[in-house]
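Listed here are the chains, written in short residue letters.
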Amino acid sequence: MKLISYILLLAFGILLIFATSELPSRGHPENPINRDTSIAGTPGAAAHYIRNAEKETATPNMVTAILADYRGYDTLGETTVIFCAGIVVFLILRKQKDGSKI
Amino acid sequence: MIFQHFPIVIPISLLLGAMISAPVGIWKRKLTYPIALFASFVAFFFSSAGLIYVLNTGTHHYYLGNWIPPIGIEYVVDPLSAFVVLIVNGIGFFVMIYSHRSLAKEIPGKEVPFHAVVLLFLAGLSGMVVTGDLFNLYVFLEIASLSAYALVSVGEKRAPVAAFRYLLLGTIGASFYLLGLGFLYLDTGSLNMLDNAKIIPLLEERGLIIISLTLMLVGIGLKMAMFPMHLWLPDAYSYAPSVGSAYLAPIATKVSAYVMIRILFTVFHTEFVSEYYNFTDVIAWLSAVGILWGSIMAIAQSDYKRMLAYSSVSQIGYIGLGIGLANPLGFIGAVLHILNHALMKATLFLVNGNIFYRFGITSIPMFDENLRKKLPYTSAAFTIAALSMIGIPPTAGFFSKWYLVLASVDKNNWIFVVVIGLSSLLNLIYFFRIIEKLYITRKSNLTLDEETKMNEVPISMLVPTLLFAILVIGFGVFNAYIVDYIIKLAIPDGMI
Amino acid sequence: MTDYFIGHAAYYFIITLLLIGLWGMLFKKNYLKKLIGMNILQSSIILFYVVSASKYNATVPVLDPKLGEINPSQYINPLPHTLMLTAIVVSVATTGVALALLIVIYKRFNTLDENEILEKMK
Amino acid sequence: MIWQIELIIYILLVASAVLALRVKDLLASVVVLSVYSFGSAFLFAVLGAVDVGFTEAVVGAGITGVLFLAALYHTTRKSKD
Amino acid sequence: MVQKSNSIIVALVSRFMVPFIQLFAMYVIAHGHYSPGGGFQGGALLGASILLLRLTVGEQPSNLVFHTRYGTQMSGFGVFIYAAVGVAAMIGGGLYLDYANLPIAGIEPAKLRSLGILFVEIGVGIGVMATMIAIFDDLARGHFHD
Amino acid sequence: MNYNYSLIPFYAVIVSLVGAILILISSRKPNLREFWTISAAIIKFILVFSLVPEFLKGNSVECEIISIASGVSLAFRVDGLGLFFAIVASGLWILTSFYSIGYMRGLSEHKQTRYFASFAIALSATMGVAFAANLVTFVFFYEILTISTYPLVIHKETPEAISAGRKYLAYTLSAGVILIIAIAWIFVLTGNVEFNANGILKGVNISSAQLTILFILLIIGTGVKAAIIPLHSWLPTAMVAPTPVSALLHAVAVVKAGVFGVLRIVVYVMGFDLLKTSGLWIILATFSAATIVIASLIAFSQDNLKKRLAYSTIAHLSYIILGASLLNGTALLGGILHLAAHATLKITLFFVAGAIYVKTHIENISELDGIGYQMPLTMGAFAIGALGLAGIPPLNGFISKFILINGTLSSAHSAIVLIYLLSGLLNAGYFFPIVYRAFFIKSERFTKIREVSLFMLIPILITAGLSLLLGLFPDLLFNLFHIAQNVSSEIGKSIIVDVNKISGAGL
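Chains as they are written, first to last, in the working numbering: chain Z, 3 to 104; chain E, 9 to 504; chain A, 17 to 138; chain V, 3 to 83; chain G, 232 to 377; chain B, 54 to 560.
Derived from the structure by calculation, the hints contain no laboratory data. Since the model is a prediction, treat every value here as computed from it, not as a measurement. For glycine and all other residues, C-beta sits at the position ideal for the given N, C-alpha and C. Among the clues, some could well be false.
Said to hold, decoys possible - Interface residues of chain A toward chain E, partial, derived using beta-carbon atoms under 8 Å:
1. 47
2. 64
3. 109
4. 113
Unchecked claim - Reference listing, derived: stretches of chain G covered by chain Z, where coverage requires no fewer than 3 residues with Cβ under 8 Å from a Cβ of chain Z:
5. 276-285
6. 307-321
To be verified - DSBU-like mimics (lysine-lysine), calculated; alpha carbons at most 30 Å apart, straight line:
7. E:419 x E:165
8. B:209 x B:220
9. V:26 x A:138
10. G:342 x Z:97
11. E:451 x Z:97
12. Z:97 x E:381
13. A:123 x A:45
14. B:82 x B:220
15. Z:4 x A:82
16. E:451 x A:138
17. E:165 x V:26
18. B:220 x B:329
19. B:209 x B:360
Please take these sequences and the hints and turn them into a complete structure.
Dropping the structure here:
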């Protein structure tokens, strides 16, 4: 049983290696993620950010611009995840007694 | 017009509710519940209004931060997502009405964070449904998952272990999803669903997106508890507090099923997943096995909640089967079953909550006629939901099976037809066992609370239970309107 | 070939890390070890995104006035970085929740070993 | 992107990952995990993802480690595998 | 509570360091527009500084800096700031989180967006700091009435 | 036939459903509860009967209530077959209601509310089955009928009753699933599930092997309720139910709904032409003929009165099916008439069995010696029922058999007539000993008993009287004969039998 699991794990690894072999070599500016427009003609997000972040948001740090503005909703979600973790830990570990503040 | 903001109002009202109710609750405990209920009501109201709005005016795109989609995140409310988000918030709102008394009895002293977590849970699920961005989906998936672990963890003694195992498997699922998304992103350069849908058919190299789709499906399948990946579900549902499972079972896995529909048919195209590569066939066959497996395991259980959990595995199989058939009838069956199963499971778990509230038992051999005498309406609700699970007209369960059978016949796949029929009979076995106990068995081993003279559960618990039971019949009788006016509008392009 | 290898070698390490993480999650019996495996798994995926975002002859994604007119090939793709900030947060949140669960489990079962816990759960 | 540095860090990462899972003492294991996180933070910085590196350094190496320690304090350091 | 360190040197050094860490954290939050950093990193640093105090000088003294009691409230408040900025943009006539429509007069849209980002980062910073502390406190206290 | 829009069939379905709700509400007041039962029964009968005059003029009604599933509506249409069945069922429900009240009070049974409510729902479903305009509506009510009779079967709540209930559910619901699958298949094939006199499947493009499978599925789906051997074994087991239930279940509602379903499938789904060209009728004819003989033989060996009646029911149901499967208008007419004849006769017999049980708690035939002296009216009614089922003129059983035999002789397979004759003999063989024991063997056991209460006695006398009257004047009161003839002439180019001639033959 254990052997089968190991084999499955290994097979998964081989599958991933096969998958990565189809990935474009990293680092080339013409990779799909770096393109100005995708093959369907829609604008490429990353190139847009690099070109326009300063103009549109007055923020030189593109990561911050994306994080808080272009994809600000993701960050709201992310902050909520953290808040959620806080509440969940609160739920799991604390118990309010009658009259206590915490 | 303020109403155009409705897609964002749904998750944000829930999020704000959580953010406000928890701190306020620490300060004044009694305020938590009204705030939570109000937030949930706002979400419910805007989901229902949103569904009407979408049906009248067509798909609604909402650009968050006013950035056009591939640049920013968009919310897309089409008939399907409006429908599913209404299911989520409808169930959420009524279970929240229910939860007040039940929580006070089962996990006293934890109501404040519990309600906040529930709001976050609903917000996460709503966000998953209405989003049009694959990464945003991941973020909300995590919010929903974290809250789901928490909902499980506060149950009985063994609950934290179940929650922990759920967490591990859920994290593996989310990681797989993220990894698959990474591959997809590297190949198409976009995170937006509709944008990806435009790019994918133009790609020349297909190997990469096949693997990315596989990884994403495995990830979502884990969250959805699709057949071989359902291992976390029985423990989680049966050890969770009754309100926890009443939230989890009806909607959590259904939303994942919705996400699977989205990924398969919106992001990737129907021909791609069903004709060029047989993803849907694999899903359908796994689901068919899951239907039988879940039903058989459910028969073997003596604990009510555990039985329902296994029955969930089999019911999720129905949805998976509908998805996997990849034809319009199957799609209708799957989406209708998302609604029907949400209602049936909500009823059944609320019934469990009622019984547990009065008698503190979940073990089926303990059920007897006294229980029915004390809880007549609860028993009636149970009977209706059970008949629906078996698939007796005019309850809702019959009709989703009807569409699934039609779809299977349409595909000329008789094995699926047999599986659906067989599972109805298996459902019959494990639900009639309880009905017999409730209505016939006379032995009394329950400690009855004679002094209080209180028979039925409090009205705030009874009303949601009965409401869901009535809706099970109502949506059964009027299912054609839902199918014709909502679901048919959502049938993906290219399905024949 | 060498180009291919340099362009892909990083992925092999990432897959190795991912498999180590999965192995830890699935085969280690100690719950805390499982969590460590989970952390490794998540960070390997983060690494995957970050590695794939990298770009030859490009600088960090902070606008540098010295570079003159903006050309996307001069800056590393910032989008995966942003996504991974979120992923890191998610990973720490999950870890926090899992640790809270671990404490409760230990209080109730007095062990962190999966086999013993499953034994005691019966 | 200097591949020599990357390679060294990758090897360090794999080694520390394996070590973190192999060590019997959970405290040591957590410490090794912090080393792993720090290594990956360094790697992120090398790859040009300074923000991610910064975050990983603060969170992965710092706060996660502290949380693990806090949890370890209430549980046990011993592990059978 | 996790036992505090017994070494006086550790206590002293950490007490000495904490203000500097916090100052740096503030800088990270505020300067996130121009250099690596931002709300999350800064918030985590702020949280880490308080955790350092908790670990070295114990719960009572560190409560003077940030009381255990306020962890959850503050984290809710932090996220609330973020969500409220989005709602403010809606009130200003834009879509949700559209900082260019924040109801502040006399600033051009790009600058307004920059300002919006700052607000949001502050919210994230507060939220992350408070949540980190809250999680740590809960984990470290570890008690629950069962 | 013109079809006008009218909601009367819908009201006829819904009235007892409303009645069931009222019964549940007034569970604490027995008199009010039984008032609801009876008024629902009477209103239902009036509603159904109000359809007859127009029908005979060639105008009938139909209505669509709602769209029940995408592309299918919940629709009712009053055609001859449905109207015939509805009159029989709703008419006998009135009598059964009175009888039930007497029976339940006589034995002071428990859970009477559940009993009456289930009864009302079952009748609702029966009306739905009768008036269903398409297969989906049909199966919709067919399944409701199954579920609503389950509480009646387990009414006694003894272990025996519970296992009988399980068996009943297992058989009927499995059949329901099979029927649903078959209907889904038809829907996918034709996109149409509306009954029509030519058969839904006429002209559909399907291989003969598939057609055979489809036909078998349909017949299994309906045949379980119609108790065709080998699908019959739930019926004798279900005899543990209270007698009025057996009366209604096994003379009127459930089994007749099954037979009605078989008729629907033979005539309106497959169509005579298709069955003839494909030769599939042989399957049905073989099984039903075998059922007649085997069930009659088994009936001999039963000592339990109700079990004997049950096997007799199984045999008589197959009369009807065999009549239909001969694909001949006259035989079909005979079959339809036998549906009513068997209903009145068998319900009489069951009522008598119940009356005996209420008075003496006896269920076995061997203990019935001399009971005829103490309960002359009751046992007289029994004798009428027995004679009728054996096909002795001037009872209505004779007329239907006469026409059945007529039809068989005019079809190509006149040898089948032997089966009818043989079974008539067997009928006489297993019923007359009971009458003989009751009247001609003296016994001291029953000296202190009297006739049962009027609540029970009057329905017994009415059903017996009805059998006699309908035998003498087949078209009397309800125009049943005309309605049946209407159906058969529409379907099968039958000979037009003159009513007066028939009644003359009866005399």
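Status of each hint after checking the structure:
1. Hint status for residue 47 (chain A): holds, given a least beta-carbon distance of 6 Å to chain E, under 8 Å.
2. With 8 Å as the threshold, the beta carbon of residue 64 (chain A) comes within range of chain E, its nearest partner Cβ sitting at about 6 Å, so the hint holds.
3. Checking residue 109 (chain A) against chain E: minimum C-beta separation of about 6 Å stays under 8 Å; hint holds.
4. Against a cut-off of 8 Å between C-beta atoms, the interface hint on residue 113 (chain A) holds, since the closest Cβ of chain E lies about 6 Å away.
5. Under the rule that three or more residues need a Cβ within less than 8 Å of chain Z, the assignment of the segment 276-285 of chain G is violated, with 0 such residues.
6. Proximity of the segment 307-321 of chain G to chain Z, defined as three or more residues with a beta carbon under 8 Å from a beta carbon of that chain, is established by the 6 residues found.
7. The suggested pairing of residue 419 (chain E) with residue 165 (chain E) is violated, with an alpha-carbon distance near 47 Å, which exceeds 30 Å.
8. Annotation: proposed proximity of residue 209 (chain B) to residue 220 (chain B) holds, straight-line Cα distance about 15 Å (limit 30 Å).
9. Restraint check: the Cα-Cα separation between residue 26 (chain V) and residue 138 (chain A) comes to about 27 Å, which is no more than 30 Å; the hinted pair holds.
10. Distance hint between residue 342 (chain G) and residue 97 (chain Z) is unfulfilled; the C-alpha atoms sit about 46 Å from each other, more than 30 Å.
11. Between residue 451 (chain E) and residue 97 (chain Z), the direct Cα distance comes to roughly 39 Å. Violation of the 30 Å bound is thereby established for this hinted pair.
12. Simply put, residue 97 (chain Z) and residue 381 (chain E) have alpha-carbon atoms about 36 Å apart, too far for the 30 Å limit, and the pair is violated.
13. Restraint check: the Cα-Cα separation between residue 123 (chain A) and residue 45 (chain A) comes to about 18 Å, which is no more than 30 Å; the hinted pair holds.
14. Our distance criterion of 30 Å between C-alpha atoms is broken by residue 82 (chain B) and residue 220 (chain B), whose separation comes to about 34 Å.
15. Proposed proximity of residue 4 (chain Z) and residue 82 (chain A) is contradicted: the alpha carbons are some 58 Å apart, above 30 Å.
16. The straight-line distance between the Cα atoms of residue 451 (chain E) and residue 138 (chain A) is roughly 28 Å, inside the 30 Å bound, and the hint therefore holds.
17. Annotation: proposed proximity of residue 165 (chain E) to residue 26 (chain V) holds, straight-line Cα distance about 28 Å (limit 30 Å).
18. Proposed proximity of residue 220 (chain B) and residue 329 (chain B) is contradicted: the alpha carbons are some 35 Å apart, above 30 Å.
19. A distance of roughly 17 Å separates the Cα atoms of residue 209 (chain B) and residue 360 (chain B); the hinted pair therefore holds under the 30 Å criterion.
Consistency note: the structure conflicts with the earlier hints numbered 5, 7, 10, 11, 12, 14, 15, 18.
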